[in-house]
Each structure stands twice: as structure tokens, then as C-alpha cells.
Amino acid sequence: MTRATTAGASVRPADSLDPAQDTFPKLVVDNATRLADKVAIREKHLGIWQAHSWSQYLAESRLIALGLAALGFARGDRTAVIGDNRPPLYWAMLATQALGGVPVPLYQDSIEKEMQFILDHAEARFAVVEDQEQVDKLLHVRAECPRLEYIVYEDPRGLRHYQEPFLLSLAELKERGAKFATDNPGWFEAEVAKGAGDDLAVICYTSGTTGQPKGAMLSHRNLIVTARNAIEREGLRESDEVVAYLPMAWVGDHMFSFSQSVVAGFGTNCPESAATVLSDLKEIGPTYFFAPPRIWENILTAVMIRVDDAWAPKRAMIRYFLDLARRTERARLAHRVPALADRLLYALGRVLVYGPLRDNLGMRRIRVAYTAGEAIGPELFEFYRSLGINVKQLYGMTESSALICIQKDGDVKLDTVGTPLPGVEVCITESGEVIVRSPGVFLGYYKNPEATQQTLEDGWIRTGDAGVLDRDGHLKIIDRARDVGRLSDGTLFAPKYLENKVKFSPFVKEAVCVGDGRPHVVALLNIDLAAVGNWAERRNIAYTSYADLAQKAEVYDLVRHEVNRVNRSLVEEGDLAGTQIRKFLLLHKELDADDQEMTRTRKVRRGFVAQKYAPLIEGLYSGVDHVNVEAQVTYEDGRVGMVRADIRIAEAEVAGAGAAR
Amino acid sequence: MSGAGRPPSLLEVDGISVRFGAVQALDGVSLEIARGEIAAIIGPNGAGKTTLLNVISGFYHPNEGAIRFAGADRTHLKPYEVATLGIARTFQNVALFKGMSVLDNIMTGRLLKMHGSFLLEALYWGPARRQELEHRGFVEQIIDFLEIQAIRKTPAGRLPYGLQKRVELARALAAEPTLLLLDEPMAGMNVEEKEDMCRFILGVNDEFGTTMALIEHDMSVVMDISGHVVALDYGRKIADGTPDQVRNDPAVIDAYLGVAHA
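Going line by line, the protein sequences match chains A and B.
The first sequence begins at 1 in this note's numbering and counts up one residue at a time.
The second sequence begins at 1001 in this note's numbering and counts up one residue at a time.
Bear in mind the hints are in silico, worked out from the structure with no lab data behind them.
Even for Gly, the Cβ is constructed at its ideal location relative to N, Cα and C.
Be a bit skeptical, because a hint or two may be false.
[Unchecked claim] Only some residues are given here: those of chain B computed to face chain A with a beta carbon under 10 Å:
1. R1019
2. E1081
3. L1103
4. G1137
5. E1140
6. Q1141
7. I1143
8. E1147
9. A1150
10. K1194
11. E1195
12. L1202
13. G1203
Kindly produce the complete structure, drawing on both the sequences and the hints.
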């Protein structure tokens, strides 16, 4: 077999674990003595950051565990955990693990049907949830989840009149736990001691771009070894601070805010609400930060809108220094030394622009930051790095305990995801698919041997991504293996690559490119309401709704300009020059997870979108200049409505060599 | 209205009339609002709803009739005296301090609860500091309750209308009222904002036990949240009862749809 392989350096047998510290509960017990008073987790509540030390972390988890034990929790039972990132929910996960059970975190914005599927599939006996919203959802689906016995809620607001006997507050649970402890001294400690590294630690349901969610089973060993290897490679320490704001059900949050936090002993910070993340970020000033490209982009868009509104001389100054920073960063990435004048000016820019900007973003203290989940636009990536923020690309998946490759400090390239972590082997098959073997490789999908067999082969995970390894052993991801296609004349067509280029425009929020088996490429685009809305306001363009704004001729011109720019940049990329976007349209609604157009982690479900908007795609390939469409919209409460619209079709300019075709 | 099992009345309005020159705004209106209920006052434009609210809150004084609140007569009190009794209100047109932050706006609702010397307040020292922290703590609970954490420090004038209404509700709640008067709390809101507001009104009633009287035009909202509806037309009370009784009352149908003359 001819395979390109690369492996991360490993200093010792990568999956060795001290039996005294081979589970998360054991590690927390250790933290509670070793780092007793150090802050383990903070939560902003009633406007004030409330800190909990590692000894409190253990004490709270212990009470919850004993409370669950009092309700009859047996080893191997599953606890569903649903809600925003809250310390008690992290404690509930640890409590479940301490009793030899398995936490199953669920996406808190899932609609009832999705929750019911996972609750039923995971056979959860217990659910620990945040508030009334989640309780209501569970009460609705409870009839179809016969195994669900108890629902515990953290926030009692609005629940006072609920009489269900299986419903109790976290405070009541802890009371029962305290009573249970006096009757059964040493129970918690004995249960913790029974745990072993190869026990199941968590089941993470992947949202999956196709079909029903699959529950990836990860052991304590998977997570602890992976966390430890990454901590050592990245130089994380107990004084670090991370902000926990991405869904708890997502393996990334489980790795950063739970696994790594417990293993390294660093602090996790839970924002007050989803809407306050940016200002909470500023108050905490994390040293360790993760965000998917979409969030990096939102932050940049928010900044640029404010810059555009600034006083003209100030605006000019910011623009000048941002350009300068980009120039010097490009030189650095190419391993060149920037010109002396640029270096001096950069120092000035640090005082005038970069420092204040970083401070304003809450990123002044960041030592390590990651972006992952989707490819990041090179300009976006450069922007943050040019401000002196150490953003690096990361590659991983639920099935590999979240982490596979990370760019090393000082070895960052725009278009790769870096080199494998210690203990991780990465290989490319003949068909171009990336496969991975590591101590983090999962135990399989829960109750789904068929899917396990498709993904797991001799200890190697098939990632489903198409990639290449470059000369320095960096992995470069091109697209989903199954999404890479060919135009009817045989030209290679990588849709995601094109979409990412278009999406880097602040005006375009989402893009879907179509071209497999077709004569040329067309695109369905979503405008960014904040950016385009602001743009329209400054030009006195009145609009009534998202759909109305998207169909304005001026907005089409604006977006056409962006598409033309992408086409021009494609000319420089040789092979891809043939896949320039000929026609595009602006969708009348945002692609949404509630309509199954995206996954809960906001990845476009390409097949579904192509099917749902088939008339639009046909319109793009025929000569018409507008199409009528009817689309189904699902509201957050599960109701379904129809939206009708008349959508324009626009042509883009084809640049350079592609124009001849 | 004094059916068996009804909790005692918190507010009794007895035959009040209000005249502005030749205009008879209210004409002998009587009603009772029981402790802990959400009462809705409905009626076509110009029916006298806001005038009724203004009389209850002490902004107008009735030409005739009496008002008893918590058992004591208070027909001729001034607005600030009414406020100290535990009656708070919101306005049809939002009346916030536009340049002040949301937090400061809500803090003004605590004004009547603050006692202290000007000097100590200025120095933010001793009892003044302790008191300020206590009030801030209370206000933070309201902020949490109404889910407006994200706009705590935003100047009120920069907020969209729906949020301004919510801030106004927060300010009224800060006074810990026994009776809360809401003048069209959902005017100009979209469906989602209305649903949020309904949730908050029901939540406040449930959590703090606040009695509420609200003016509202959206009948579906009225039917959803209130247990007691009073209908006015041309300054007269034309119906009083449960939402279903009032909805099916011929006088109310006539007032809204015009009288059919067969």
C-alpha cells in the first residue's frame, strides 16, 4: 500500500495512565487536595462572577452524585445533561462518572423530536437540565422515553407549580445526597475507586450531516490521554483561563472546558447568557480560547461595522495600521523579515490600534487560541494573527476525542491544519481520504455496530475528509471526501473550498456551491443581515425584512462585486480557475438547523439543501432571471410555516482563463 | 363580582367619573381587582382606559366616586403618595431616561426605597454603600428574571422598542409594587416579542405574586393571560367577568364591531 503517513512525536507510550488517576473523578479528587483553593470554574450570576475552587468543584459534584445514588443510580446508567454552560451541569457530568455512569450531553436548542431520539436511544434514566424550557421539552417527550425516570432542574423559576413526582430541583437532590451520605459513609469514595480508565466516560451524539445522530462512545483513557498530550504540546498550565460558551454537547467543549480543565487544573468560565458572551469575554480576558470560524467572523464583522461608523481620520488611521499589520504578518508567515520601517510602524500601531483593539475584544491575554470545525478564510485568519493573537488551526472530530492535528507555535501556515499531536498517526489512503489512529480513537457508536464498522477499521478512523500531507508533514484538508466532485468536463470541483472563499466577504453569511456533473458552478448565498443591513442603512435603502433586503437590486450588485472578487482570485489557483461561479442568487431565508438545512454545529447539509431548493438550482442553470419558490420554515416551538418568495438570479463576471470556456 | 371563593379585593373603584371640560371621559365606573389576579381593561379607542389607569395611579383625581386600595380610601392622593402605597405603572409611550443605562433606569425604580443623606451617598460610604449594594442586588434579580443581562450597560435610548418596553417593566418591578398598572405593554411589538412579554407578565405574577391591571388591544393576548376582563366604551363599563363571558357579551361585540340594526 502506498500511503503518505505522518505521526506526532511521542515521548512515552502515549496511552499510559496511572491507575490512581485514570478517571476524571479521581483527577478531581486529586485536584481538590493539590489545588484546593485555586479557582476551577466561574459563573457570572446576577452580574457578578461567582468563583468555585477545586475543592468546591469536588464537594458539589459529590453531593449531586450522592443525590443520584439516593434515587437509585446504578453503575452504567446514563444521565442526559441539557442546558447552557453552567457549573452545576459540569458537576452533574462528573457526578455521573463518579458513580460509574455515563453522561450524555444534549444540544440545548434541540427541538423535542431530536431530544426524544437521543434520550430514547441512550436509554437515559436521569436527566439534569438547566431550566423550565428544558423541563417542558422533556415533559412533552416523556411518554415516548419510558426509561427516563427522574428529571432534575437547576433553575426553579416557573417550576413551582409543577407537581410531577419525578421532577426535583438540584437543591432537593443535593439535600437527599447529604442525607444519603450520613446513612452511607464512604459511598462516594468507594464508587470513585471502582472506576477504571477504560470505562465509558461520555457519549457524544454527533449532529451528523446525514441521517440520525450517532452516539460516539469515549472512554476516560481516550479523553485523558488526548487532553494530556495536547496540554503538554501546547504548554497549557493551571493558571490558564478558558471561556465555556459553545454547546456542552459538542465534543470540543467537553475537551476544552471539562477534560483539559480537569487534567491541567485550569479555570473554566461560564458566561451569564448566550447574548453576553462578547462582553463577558472582555471581563475574563481568557488566556486560552476556542472559536469556530463563524464566531471569529462575527467578531470581525462587529468590529468593522464600528470602524465604519468612526470619525473619518480615526477610520483612516485604523485602516492604515490594519493594512500594515496584514503586510507584516504575511511576511512572517512566509518566514521573511518585514522591512525595518514596517517593523517600527508596527510598534507604533501596537500602541495606537492593535493593543486597544485586542483589549476591546477581550483577547489581550490570549496565549493559545484555536479555530476549527470549518476552514477559516485566509484573510480572516491573517487579521487576528496580525494583531498578535496566537490563533492556530486545529483539526479533529468527535470520534478522535476532538483532537488530531494542531499547528505548532511558530509553524503556522494559512492553508493547513498543522501536524499531528503526540501519539497521533495520520495517513492518506489511495482515494485521498484522511485516516487517523490515536489513543483518542473512540470505542464505537453506541448501539450502532454498522456505523462503527463503516468508520472504524483496525483501530483507524475514516474521517471522511479529503486531504493531502505537505512536505513538512502538515495536513491540508480540501473538502469532505464525498463532496469533492467533477464538472461535466472533468474539472475537479471542491465546493467547500469555493464557499469558504465567498463566505469571507462580511456581507455573505452562508454559501452553497453546486457543480458536480454540471457544466459550470452556481451558488446559493445567504446575506449577513447585520452587515448588509448596516450597509443599506447608510445608503438610505429601506427594507422591511430579511427576504426583502436580500432581493434588493443594490444588494445583488454588492454581492456580485464579492463574487467577482472570488472569481478573480481563483484564476491564480491554476486548477480551480475552471470552477468560477457563473451565476448566483440570494436566498430569501437564512439556512437554519431547525429546518434541517444545517447541523446544530452550523454545517450546511449540502444534499438536503440541493434537494429542497432544486427549483432554484434548475433556475440557475436555465436562462431565466427570476424563480418563484416556496420553502418550509420550522419555528423554535416546532410549528411549521410556509414562506413564498420571488428570487432574482444574477450573473457574475468570469475572469481570466476561465472566461474562454 | 363578589362570587364565592374569590380572594379579597385589593383595589375597589367605586362609581368614579372624570370630566375634561365637556368631555365625559369616565362615567360612574366601578370595578374590583382581586389580590393576585391579572385583570385586563379593554375597549375601543377613546373608551377611557388610560384615564382609568391615570385615576388609579393618582395622576388625575375623579370628579365623583371613591377608590379604595388595600382597604383604605385613597381617592385624592398625589402620584408619589400612590407610589409609596405600592402601585407602580408603565406608560403607553415608553417613558425611560434615554441617556441613562438600562441599569440606572431600573435603579430609579428603587428610589422610594432608598433613604440616606446626600453627603453619605456622594461619598459612597458606610450605610450608603451597603444600601446601594442591596438595591443593586435586587435590581440584578429583576435583570436576570427579564433576561436583559446583555443590555445592562446600554443606554436605554439605543434599544429597540420591544426591549425598551421590557426595561420599563423592569423599572416598575424594581419598586416592588403590590399593584402593577401596565398601559399597553405589547403595543407595537411583533409576535415573538409579544410572546416573550406574556411569558414575563405571567412569570412576574407567579413569582412575585404581583397583582396586575393591564390595558391591551390584542384580544388573543388578553384571553391568554388574564383571568378577569373589564370592558369600557364611551367612559362606561359595559362588561365585567371572565374572558369568555366578556368575549361573548353582546354589548362588547357591538362596541367593537358596531351595532347591527336588523
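Hint by hint, here is what the structure shows:
| no. | hint | verdict |
| --- | --- | --- |
| 1 | R1019 | violated, 44 Å |
| 2 | E1081 | violated, 32 Å |
| 3 | L1103 | holds, 8 Å |
| 4 | G1137 | holds, 7 Å |
| 5 | E1140 | holds, 4 Å |
| 6 | Q1141 | holds, 6 Å |
| 7 | I1143 | holds, 7 Å |
| 8 | E1147 | holds, 7 Å |
| 9 | A1150 | holds, 4 Å |
| 10 | K1194 | violated, 14 Å |
| 11 | E1195 | holds, 9 Å |
| 12 | L1202 | holds, 9 Å |
| 13 | G1203 | holds, 6 Å |
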